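*Asks:* Given next are the chains, with one letter for each unit.
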Amino acid sequence: MALLSVKNLGVEFELRTGTVAALRDVSFDLESGERIGIVGESGAGKSVCAFAILNLISKPGFISSGRIWFKGNDLASLDGESMRRIRGNEISMIFQDPMMTLNPVLTIGTQMVETIRTHHPVSLDDARNIAVEKLKAVRIPSPETRLEQYPHELSGGMRQRVVIAIALLSDPGIIIADEPTTALDVTIQAEILELLLTLCNDYHVGLILITHDLAVVSEVTQRILVMYAGRIIEQGTTREIIARPSHPYTEGLIGALPEKTTPGQPLNQIPGVMPSLQDIPSGCAFHNRCEFAAQRCRSDLPRPTDLESRSVACHFPIRD
Amino acid sequence: MNPDTLQIRPDSWRRFRESPVLHSFLRHRTAQVSAAVLLVYLLASILASVVAPYDPWDLTQFDIMDSEIPPAGSAGADDRFVLGTDAMGRDMFSTILYGTGISIVIGIFATILQGAIGISVGLVAGYYGGRLDSFLMRVADIQLSFTTLMVAIIVLAVFQATVGLEFYEDFAVVAIILVIGIAEWPQYARTVRACVLGEKKKEYVDAARVIGLSPITIIYRHILPNTFSPLLVISTVQVANAIITEAALSFLGLGMPVTKPSLGSLIRNGFEFIFSGSWWITALPAMVLVVLILAINLLGDWLRDVLNPKKYD
Amino acid sequence: MLAFLIRRLGQALVVMLVISFLSFSIQDELGDPLRELVGQSVSEETREKLRDEMGLNDPFLVQYWRFLGNAVRGDLGTSYFFKRPALEVILGKLPATIDLVIAATFWILLFSIPVGVFAAIRPDHWFSRVAMGLSILGISIPVFLTAIFLIYLFAVELGWLPSYGRGDTRMLFGGWETSLLTRDGLRHIFLPSISLASVILPLFVRMIRSEMMEVLEAEYIKFAWAKGLRKRRIWMLHAFKNTLLPVITVGGVQLGIMVAYTILTETVFQWPGMGFMFLEAIHRVDTPLIVAYLIVVGLIFVVTNTVVDIIYGLVNPMVNITGQRNEP
Numbered sequence: 000m001a002l003l004s005v006k007n008l009g010v011e012f013e014l015r016t017g018t019v020a021a022l023r024d025v026s027f028d029l030e031s032g033e034r035i036g037i038v039g040e041s042g043a044g045k046s047v048c049a050f051a052i053l054n055l056i057s058k059p060g061f062i063s064s065g066r067i068w069f070k071g072n073d074l075a076s077l078d079g080e081s082m083r084r085i086r087g088n089e090i091s092m093i094f095q096d097p098m099m100t101l102n103p104v105l106t107i108g109t110q111m112v113e114t115i116r117t118h119h120p121v122s123l124d125d126a127r128n129i130a131v132e133k134l135k136a137v138r139i140p141s142p143e144t145r146l147e148q149y150p151h152e153l154s155g156g157m158r159q160r161v162v163i164a165i166a167l168l169s170d171p172g173i174i175i176a177d178e179p180t181t182a183l184d185v186t187i188q189a190e191i192l193e194l195l196l197t198l199c200n201d202y203h204v205g206l207i208l209i210t211h212d213l214a215v216v217s218e219v220t221q222r223i224l225v226m227y228a229g230r231i232i233e234q235g236t237t238r239e240i241i242a243r244p245s246h247p248y249t250e251g252l253i254g255a256l257p258e259k260t261t262p263g264q265p266l267n268q269i270p271g272v273m274p275s276l277q278d279i280p281s282g283c284a285f286h287n288r289c290e291f292a293a294q295r296c297r298s299d300l301p302r303p304t305d306l307e308s309r310s311v312a313c314h315f316p317i318r319d
Numbered sequence: 000m001n002p003d004t005l006q007i008r009p010d011s012w013r014r015f016r017e018s019p020v021l022h023s024f025l026r027h028r029t030a031q032v033s034a035a036v037l038l039v040y041l042l043a044s045i046l047a048s049v050v051a052p053y054d055p056w057d058l059t060q061f062d063i064m065d066s067e068i069p070p071a072g073s074a075g076a077d078d079r080f081v082l083g084t085d086a087m088g089r090d091m092f093s094t095i096l097y098g099t100g101i102s103i104v105i106g107i108f109a110t111i112l113q114g115a116i117g118i119s120v121g122l123v124a125g126y127y128g129g130r131l132d133s134f135l136m137r138v139a140d141i142q143l144s145f146t147t148l149m150v151a152i153i154v155l156a157v158f159q160a161t162v163g164l165e166f167y168e169d170f171a172v173v174a175i176i177l178v179i180g181i182a183e184w185p186q187y188a189r190t191v192r193a194c195v196l197g198e199k200k201k202e203y204v205d206a207a208r209v210i211g212l213s214p215i216t217i218i219y220r221h222i223l224p225n226t227f228s229p230l231l232v233i234s235t236v237q238v239a240n241a242i243i244t245e246a247a248l249s250f251l252g253l254g255m256p257v258t259k260p261s262l263g264s265l266i267r268n269g270f271e272f273i274f275s276g277s278w279w280i281t282a283l284p285a286m287v288l289v290v291l292i293l294a295i296n297l298l299g300d301w302l303r304d305v306l307n308p309k310k311y312d
Numbered sequence: 000m001l002a003f004l005i006r007r008l009g010q011a012l013v014v015m016l017v018i019s020f021l022s023f024s025i026q027d028e029l030g031d032p033l034r035e036l037v038g039q040s041v042s043e044e045t046r047e048k049l050r051d052e053m054g055l056n057d058p059f060l061v062q063y064w065r066f067l068g069n070a071v072r073g074d075l076g077t078s079y080f081f082k083r084p085a086l087e088v089i090l091g092k093l094p095a096t097i098d099l100v101i102a103a104t105f106w107i108l109l110f111s112i113p114v115g116v117f118a119a120i121r122p123d124h125w126f127s128r129v130a131m132g133l134s135i136l137g138i139s140i141p142v143f144l145t146a147i148f149l150i151y152l153f154a155v156e157l158g159w160l161p162s163y164g165r166g167d168t169r170m171l172f173g174g175w176e177t178s179l180l181t182r183d184g185l186r187h188i189f190l191p192s193i194s195l196a197s198v199i200l201p202l203f204v205r206m207i208r209s210e211m212m213e214v215l216e217a218e219y220i221k222f223a224w225a226k227g228l229r230k231r232r233i234w235m236l237h238a239f240k241n242t243l244l245p246v247i248t249v250g251g252v253q254l255g256i257m258v259a260y261t262i263l264t265e266t267v268f269q270w271p272g273m274g275f276m277f278l279e280a281i282h283r284v285d286t287p288l289i290v291a292y293l294i295v296v297g298l299i300f301v302v303t304n305t306v307v308d309i310i311y312g313l314v315n316p317m318v319n320i321t322g323q324r325n326e327p
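Protein chains in written order, with numbering that gives the first Met the number 0: chain B, 0 to 319; chain F, 0 to 312; chain W, 0 to 327.
It is possible that part of the hints are untrue.
Claimed, not checked - Keeping only pairs whose Cα atoms sit at most 25 Å apart, straight-line, the calculated SDA-like set for lysine to any residue is:
1. Lys240(W) <-> Leu105(B)
2. Lys58(B) <-> Trp125(W)
3. Lys230(W) <-> Leu105(B)
4. Lys58(B) <-> Pro122(W)
5. Lys221(W) <-> Val272(B)
6. Lys221(W) <-> Pro103(B)
7. Lys230(W) <-> Ala20(B)
8. Lys240(W) <-> Met99(B)
9. Lys221(W) <-> Ser281(B)
10. Lys221(W) <-> Glu258(B)
11. Lys221(W) <-> Pro316(B)
12. Lys58(B) <-> Lys221(W)
13. Lys221(W) <-> Asp278(B)
14. Lys199(F) <-> Gly60(B)
15. Lys230(W) <-> Thr117(B)
16. Lys259(F) <-> Val138(F)
17. Lys230(W) <-> Asp212(B)
18. Lys92(W) <-> Gly184(W)
19. Lys221(W) <-> Gln148(B)
20. Lys240(W) <-> Leu55(B)
21. Lys240(W) <-> Gln95(B)
22. Lys221(W) <-> Glu147(B)
23. Lys200(F) <-> Gln95(B)
24. Lys230(W) <-> Asn72(B)
25. Lys230(W) <-> Asn54(B)
26. Lys221(W) <-> Met99(B)
27. Lys70(B) <-> Arg229(W)
28. Lys58(B) <-> Val154(F)
29. Lys200(F) <-> Ala217(W)
30. Lys48(W) <-> Glu28(W)
31. Lys230(W) <-> Asn88(B)
32. Lys201(F) <-> Leu105(B)
As the list claims (entries may be wrong) - For the chain F half of the interface with chain W, some residues (derived, Cβ under 8 Å), not all of them:
33. Ala115
34. Gly163
35. Leu164
36. Val257
37. Phe274
38. Ser277
39. Val289
40. Leu293
Simulated from the structure, these hints should not be mistaken for lab results. Since the model is a prediction, treat every value here as computed from it, not as a measurement. We put the CB at the ideal spot given by N, CA and C, even for glycine.
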């Protein structure tokens, strides 16, 4: 039994113009200590998926179908109080922009201690010790003084380390990292990624890494889910998918990586843009951008089918 | 409110028809009712001289013997005066019609003046920035903390005492417009400045600068149109506030004189009579005033929701 | 913090100079102190001599400098009407106005925070809708109408509460007469304080609501939810503390507005405070009293604004000693 098992998850948003499905039929598993990556363009539903796992989809959105099994509970239907005890405790989340994630008017110490004390009956001193220990783990120098500081006194990279330390406070089983390096400088990105990787190994934490950057995913994760227009269109081991993508969209993404391009040549972009969630085309949502599209792709929705060790939702998957 | 910001283009009617503003208006009952009420007010005050049975500014038309006649429906009512008469025997209906007109005129023109001053200052402060900007905004802060009412009370008191009451009566409307118009400039200046700062960050302004457009062209053609929505929203609030301020000044005896009463002066006149039971002299103009302000504010609230001007500061 | 304080105090000083200059210009413009002193019957020659003696023929700036020197020593001239030092007259009226402002502030704080916060957390709840509807009605009713309505209802029709005056007062700290400590005083201050609060309360409710709704959308609030914190802590600490910053700034300005509105409230209720006195002084063209009022009120504004700035600096960790905000 996997640690986390998402089954046919659907999320909808009730807008004035009608209901829009942001997530459709998403299924995947995460084993204990495993690192998976969710990849896709912005608007593909990656972040919605992350928030859905924590049952934090805010109005006008809601989980419309499916189950999220975690340690014998269905998080999609769990009561508020039990869900609250899981958040930040057994499943933590790291947000995209560390400049916006920490509360500007509370000290780092307050924001760490409150997280520990809301989940564990420990004394203030013990809570501070735990906080210091985790700040050390994310390699923040002189952690004791940091506790007294406010977020604006730290740099972006430091703040993201603090956020990671907060995510680690209760030794969670899973960390969901939503574009954890996108807002950072390129030089710091690598440090943070490397830190995240080390910590997940050291503490045996499962990681769901959400990013639009295939390069990031390929460095850190063991498995990849590729999302397009609210669906998972391909999933499998990172090595296999990067080496031999089956879905034309995945192939396009990999082909667009700068290192796949001959110097001096233009980047290989996928033509067109992802459709907005309001008007997803019939059949395969990718058909109007796909060079292999046939009549069937326009009418029939491709179901995820197992192809050797991976699953792909395409009528005409690429084989070697 | 400010005509400068309205750029009439050939396709503007089509844009309006397809805009979310009209769409929302057609579905928003409160906005429709408020707009209808305002339309009635505007028509009534424009046509006051036609609709009103008497000319309240001509005291020879009234007889002091007719004073304090209650409105129709009460005991002692008189057919000649539907809404009764005030302590001077003036027809309440005619007086309220004329008074509403004065309140609206002052509200609108004071707001236009505020806009003209505030927008210019805001554009200059926002576009040039630096020391000039901090100085102007500090002045705005101080001016705001002193409140329009306070400034207006002082200025009008000094003005009245200097020129004498008789002369003042002839120029009261202009004086009040000038005072409220000048004292409230910071509201516009702040909003415009915040918009300019927001717009200045955007790339099209850089682009315009790079292709060599002059600052005035950039401000006028590119930045100003983008400040239209927030300005429209605060303009409604400002008209309502100007009307309230005028009423308050008149109530204190520093605004419109008794001979040419606005709604505020009518309320002042009637105030002492509520203790003796002549409630209508105060209550009727008060109701007319509150409904007017409420309609403007509700319309402004709706506009704010539709246009949703971004908060820059 | 010290540099911040000095900067603010320096600004306050400049503002006070400007106010004193404007006040003096008014004094210069309004009324002839000589006429008040000696009446009409004195010959033109004697007048001119008196003028010279009193320094009324000196250049404007010289007179202003003298005025400033006197003002610093607490001498703001003598009221024509009361025949007493203007400052003394005003300080005698000050406690009544401050009582009123305190009572109104009490109502505002008592209602605006819970109602505003609730309306932000539960925008669709019936109570929030009613509160928002009432608040726009409240904004649309001028303060003197609220006052008149309250008098009509509670004093004229029902006869429950008095419609004018302060009632019994009690001496506090040897020189402070307050209505807030006697039963009769409280009965008298009830209606005036409510009508004074009625201007600001709806503005505060709406401001707290909209600021808090904006804060609730912030990333750090989402992060707080993701940390598994309890609702109460997220709303009351994480969101409310951030809501407080803009509210404090605007709140300082509103306090100034409240002082201005005491003129209206005190006039309707014949409340024997500074505002009522100021309006009477205007109608009597009692110039020294008008000028003294302007300077005292200016001082109140400047002091409250400076205090508000300092409180803001204390609450907001992002204000450093230079007074600049570091945007996060």
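*Asks:* All hints are to be evaluated individually against the structure, with a verdict given for each.
*Replies:* We went through each hint and held it up to the structure:
no.: 1; hint: Lys240(W) <-> Leu105(B); result: 9 Å, holds
no.: 2; hint: Lys58(B) <-> Trp125(W); result: 18 Å, holds
no.: 3; hint: Lys230(W) <-> Leu105(B); result: 17 Å, holds
no.: 4; hint: Lys58(B) <-> Pro122(W); result: 12 Å, holds
no.: 5; hint: Lys221(W) <-> Val272(B); result: 29 Å, violated
no.: 6; hint: Lys221(W) <-> Pro103(B); result: 14 Å, holds
no.: 7; hint: Lys230(W) <-> Ala20(B); result: 28 Å, violated
no.: 8; hint: Lys240(W) <-> Met99(B); result: 16 Å, holds
no.: 9; hint: Lys221(W) <-> Ser281(B); result: 34 Å, violated
no.: 10; hint: Lys221(W) <-> Glu258(B); result: 36 Å, violated
no.: 11; hint: Lys221(W) <-> Pro316(B); result: 39 Å, violated
no.: 12; hint: Lys58(B) <-> Lys221(W); result: 13 Å, holds
no.: 13; hint: Lys221(W) <-> Asp278(B); result: 29 Å, violated
no.: 14; hint: Lys199(F) <-> Gly60(B); result: 35 Å, violated
no.: 15; hint: Lys230(W) <-> Thr117(B); result: 11 Å, holds
no.: 16; hint: Lys259(F) <-> Val138(F); result: 35 Å, violated
no.: 17; hint: Lys230(W) <-> Asp212(B); result: 35 Å, violated
no.: 18; hint: Lys92(W) <-> Gly184(W); result: 16 Å, holds
no.: 19; hint: Lys221(W) <-> Gln148(B); result: 21 Å, holds
no.: 20; hint: Lys240(W) <-> Leu55(B); result: 23 Å, holds
no.: 21; hint: Lys240(W) <-> Gln95(B); result: 23 Å, holds
no.: 22; hint: Lys221(W) <-> Glu147(B); result: 23 Å, holds
no.: 23; hint: Lys200(F) <-> Gln95(B); result: 23 Å, holds
no.: 24; hint: Lys230(W) <-> Asn72(B); result: 22 Å, holds
no.: 25; hint: Lys230(W) <-> Asn54(B); result: 15 Å, holds
no.: 26; hint: Lys221(W) <-> Met99(B); result: 10 Å, holds
no.: 27; hint: Lys70(B) <-> Arg229(W); result: 22 Å, holds
no.: 28; hint: Lys58(B) <-> Val154(F); result: 52 Å, violated
no.: 29; hint: Lys200(F) <-> Ala217(W); result: 22 Å, holds
no.: 30; hint: Lys48(W) <-> Glu28(W); result: 21 Å, holds
no.: 31; hint: Lys230(W) <-> Asn88(B); result: 16 Å, holds
no.: 32; hint: Lys201(F) <-> Leu105(B); result: 32 Å, violated
no.: 33; hint: Ala115; result: 23 Å, violated
no.: 34; hint: Gly163; result: 11 Å, violated
no.: 35; hint: Leu164; result: 11 Å, violated
no.: 36; hint: Val257; result: 14 Å, violated
no.: 37; hint: Phe274; result: 6 Å, holds
no.: 38; hint: Ser277; result: 12 Å, violated
no.: 39; hint: Val289; result: 5 Å, holds
no.: 40; hint: Leu293; result: 4 Å, holds
Hints 5, 7, 9, 10, 11, 13, 14, 16, 17, 28, 32, 33, 34, 35, 36 and 38 from the earlier list are contradicted by this structure; the remaining hints agree with it.
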